[in-house]
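> In case you want the letters, here they are:
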Amino acid sequence: MVPGYDQRQARTGLAGLTKPDPKDRAAQIVAWAICWPWNLAWTICVYNPFRYIAEFLLKEIQSALFEISNGQFSAIEQDLTLDPLPPPYPIPAPQPQQTETATKASIEVTNVSAQPVDDESPAVTGSVPEKQPVASSVSAQSVSIEIATANSVESIPQTNDKNEQAASGTPTSQPVAAEALPGNSPADLQEEVEAELAEDGSPDSYNWAPPASTAFVPLSNQPLRAVKYETDSAVPAKPGKATTPPKPADDPWLEKKFPNQ
Amino acid sequence: MLSEILTSESFWFWTLVIIQSGLIIWFVETANPVAAGVTLGTLIVGIAFFPTQWEHAGLSGLHDMSFPAWLLNNAWVLLAGIGCYLFAGIAWAIFRWWLLVRQVRDTYERSKADWLAPGNLRCTATMLRSHAEHCPETTLREKYLLWSEACRMAAAEGGHQLTCELKPIWKDYVTNGSRL
Chain H
1 MVPGYDQRQA
11 RTGLAGLTKP
21 DPKDRAAQIV
31 AWAICWPWNL
41 AWTICVYNPF
51 RYIAEFLLKE
61 IQSALFEISN
71 GQFSAIEQDL
81 TLDPLPPPYP
91 IPAPQPQQTE
101 TATKASIEVT
111 NVSAQPVDDE
121 SPAVTGSVPE
131 KQPVASSVSA
141 QSVSIEIATA
151 NSVESIPQTN
161 DKNEQAASGT
171 PTSQPVAAEA
181 LPGNSPADLQ
191 EEVEAELAED
201 GSPDSYNWAP
211 PASTAFVPLS
221 NQPLRAVKYE
231 TDSAVPAKPG
241 KATTPPKPAD
251 DPWLEKKFPN
261 Q
Chain P
262 MLSEILTSES
272 FWFWTLVIIQ
282 SGLIIWFVET
292 ANPVAAGVTL
302 GTLIVGIAFF
312 PTQWEHAGLS
322 GLHDMSFPAW
332 LLNNAWVLLA
342 GIGCYLFAGI
352 AWAIFRWWLL
362 VRQVRDTYER
372 SKADWLAPGN
382 LRCTATMLRS
392 HAEHCPETTL
402 REKYLLWSEA
412 CRMAAAEGGH
422 QLTCELKPIW
432 KDYVTNGSRL
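Taken in order, these protein sequences are the chains called H and P.
FYI, the numbering for the first sequence is 1 to 261, going by the numbering used here.
FYI, the numbering for the second sequence is 262 to 441, going by the numbering used here.
Treat the hints with caution; some may be incorrect.
Unchecked claim - Some, not all, of what chain P presents toward chain H, calculated at C-beta under 10 Å:
| id | residue |
| --- | --- |
| 1 | T291 |
| 2 | N293 |
| 3 | P294 |
| 4 | V295 |
| 5 | A296 |
| 6 | G298 |
| 7 | L301 |
| 8 | W315 |
| 9 | G350 |
| 10 | F356 |
| 11 | W359 |
| 12 | L361 |
| 13 | D367 |
| 14 | K373 |
Claimed, not checked - DSS-like cross-link-like pairs, simulated, lysine-lysine; straight-line CA separation at most 27 Å:
| id | chain 1 | residue 1 | chain 2 | residue 2 |
| --- | --- | --- | --- | --- |
| 15 | P | K432 | H | K23 |
| 16 | P | K432 | P | K404 |
| 17 | P | K373 | H | K19 |
| 18 | H | K19 | P | K428 |
These are computed hints drawn from the structure, not numbers from a lab.
A quick note: this is a predicted structure, and the numbers were derived from the prediction, not measured.
The beta carbon of each residue, even a glycine, is placed where N, CA and C say it ideally should be.
Generate coordinates for the entire structure from the input sequences, incorporating the hints supplied.
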C-alpha cells in the first residue's frame, strides 16, 4: 500500500460522487427557505460564499471580455489563417486515359452473291475474326468493322462532382452507335452486327462517351445600374428622353406668377 | 449580581433566542425542515412570554390592545411580511443550491488537481503495479498493469493533464475511492 493514498482519498471524499439532485435534497432546500435568516448567517460565517461569488463574477467577466475580443477579431483571424482553401476556379476535366489500347475487332463478312445472307449466317455471329471458306468466291465482298473497346472507363480519375455525374450518367451498356463504327458497310448488315453485339453483351459492344467539360461562365463585371422612373408617367421613361407631364388646360394657377418664384 | 442576571427577563429572552437559533441551524444543516419549522414556531410563541422585550421585536403595539385586535389591525402588514419572508427564502434557497453545487465542483476540481500531480501519479502507478503483482485474475492484472503504465507515462510528461488513458483510472478512483 502506498502511503498517503488513503489519506488523500479520506481528505477529498470523492467516493461516490454524483450530480446533486434537487429532488433528493428537497427537504434541505425547504429548510433553507423556511429558516433563511439563520442559514444565511451560518453560511456567511462558515462557508464563506463571497469567495465563490467573487470567483464566479471573475470568470463571467473574463469570458465576456474574451467573447468581445473573439467577436471583433474573428474576421482578422480568418484573414491570417493559412489553411489551404479550395481553388476558386473549376478544375478542368481530364481526358480519359485508357489503360488498355483500343482493340480492333475485325469482322470479316463474306457475302456471296449467289447465296443470300440470312440472319443465321455464321459469318457474323462471332466477334472474333472468322474466315469462312470461300467455295466459289467470284464476287466475294469483304466487310471490315472496327470496334473500339473501352474497358477502362472505371479507371478514369474523377476530379469533381460534375465529371462524376457525367461519367455515371453515361450509359455504358448501350450498344455501339452506327456512327461510331467506321467502315463502309451496307446498312442492313451493320444493323445486324449491332444487334448481334448487343445481344452478346461483350465489352466490345459498349460505347463510352467522354464527360462534358466543365463550362466556366464568368460573372459579369458590369456594375448594377439604378433605373429611375418618372413618377408622373404611366410607363417608364426611355433613357435619353425626358418625359414631361401634360399640362392641364384651363388651370388658372399655372398661369399665375408668384413673387417668390 | 448573578441572581439579578438570572431573574432578569432580558437574560432569559436572549438565552431562548440563542438556543432556539442554534437548534434551527442544526436542524437546517441536517436537512430536517419539520423540526426547524417547529423550533421557529416555538421561538415566536416564546416571545409572548417576555412582554418587556416586545419592543425589540417590533411588537410594541401589543401593549395597547389585545392580540386578536392587533392581528386585525396589522393583517395586511403581517401578510405582506410573511410573503416577503417566503419570497426571500425562495431566493435564498436557490442561491444556496448554487453555492452547494459550486462547492461540490470546487471539491472535485481540487481533488482532480491533487490526483494529477506528478508525485501522486507516480504513487498511483506504484500502487497499481503492486495490485497487479498480487492479483490472481489475469484480466484484472493486465488492466492494472496498463493503468500503472499510463500513470507512469503521465507523470513523466509532467502530469496535470487528464488524458484519455488516465480517464478510466480517475473514474474508478472517483467511483470507488482507493478500493481499486
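> Taking the hints in turn, state whether each one holds.
Here is how each hint holds up against the structure:
{"no.": "1", "hint": "T291", "in the structure": "holds (9 Å)"}
{"no.": "2", "hint": "N293", "in the structure": "holds (7 Å)"}
{"no.": "3", "hint": "P294", "in the structure": "holds (4 Å)"}
{"no.": "4", "hint": "V295", "in the structure": "holds (8 Å)"}
{"no.": "5", "hint": "A296", "in the structure": "holds (9 Å)"}
{"no.": "6", "hint": "G298", "in the structure": "holds (5 Å)"}
{"no.": "7", "hint": "L301", "in the structure": "holds (6 Å)"}
{"no.": "8", "hint": "W315", "in the structure": "violated (19 Å)"}
{"no.": "9", "hint": "G350", "in the structure": "holds (4 Å)"}
{"no.": "10", "hint": "F356", "in the structure": "holds (8 Å)"}
{"no.": "11", "hint": "W359", "in the structure": "holds (8 Å)"}
{"no.": "12", "hint": "L361", "in the structure": "holds (6 Å)"}
{"no.": "13", "hint": "D367", "in the structure": "holds (7 Å)"}
{"no.": "14", "hint": "K373", "in the structure": "holds (9 Å)"}
{"no.": "15", "hint": "P:K432 - H:K23", "in the structure": "holds (25 Å)"}
{"no.": "16", "hint": "P:K432 - P:K404", "in the structure": "holds (14 Å)"}
{"no.": "17", "hint": "P:K373 - H:K19", "in the structure": "holds (16 Å)"}
{"no.": "18", "hint": "H:K19 - P:K428", "in the structure": "holds (18 Å)"}
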